[in-house]
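Enquirer: Sequence:
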Amino acid sequence: MNDNIDRPSAYIALALALLMAATRSHHFAAATYLPDASWAVFFLAGFYLRTLWAFAALLVLAGASDYVSINWFGVSDFCISPAYGFLLPAYGTLWLAGRWYARRHRFALATLMPLAGVVLAGAVLCEVFSSGGFYFFSGRFPEPDLLTFAGRFTLYFPPLLMTMGFYVALAALVHAVLESLRGRGTRHDQERALKAR
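Start counting the sequence shown at 1; every next residue gets the next number (my numbering).
A portion of the hints provided could be inaccurate.
To be verified - Label pairs and their in silico Cβ distance ranges:
1) Phe78 x Leu14: 28 to 34 Å
2) Met113 x Leu14: 26 to 32 Å
3) Ile70 x Arg104: 34 to 40 Å
4) Leu181 x Gly139: 50 to 56 Å
5) Pro142 x Leu59: 26 to 32 Å
Just so you know, the hints here were simulated from the structure itself, not pulled from any lab data. All C-beta atoms in this analysis are idealised placements derived from N, C-alpha and C, irrespective of residue type, glycine included.
Start from the sequences, fold in the hints, and give me the full structure.
Expert: And the structure:
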């Protein structure tokens, strides 16, 4: 795979980084009232960027955002524990889900069902790694058990899935509009070329 980045990919990378920085940092997210887009950002990076360097850069950005929020803006460090490392497989799952879908994507309504399915599957695995890792390995819960984790999962997962779904649906809408405009421009250029003959 070619790891060189083209101009559209650079714009997408910048947009995803800005979206995560603006929503992950509790300081800025509170000011903008935007829910955390981190899950969607990793999924979309897998779809659009696909390179390991992009994944690694987003991991660094996520960690830096958490560091800044805790050390400069007084956000609680409750979630920082030995289980923080579980974010690597959690976000990796979303990135791989985005890559899986990218290989199957066509500009057609028929690909919306696979998109919904892979978003759901990626989000479930992400939540199992992130929340499961935190619940069982953070040391914050004295006697963790599967039944209690299942209750926590059903409580916290639906809003996280809805947030990810919102951002992915918004990205899909923008993608569809841009593809339609590009297709219209290509047809217009072809018509002009035919008239010029």
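Enquirer: Which earlier hints can't be squared with this structure?
Expert: Checked against the structure, no hint fails, so every one of them is satisfied.
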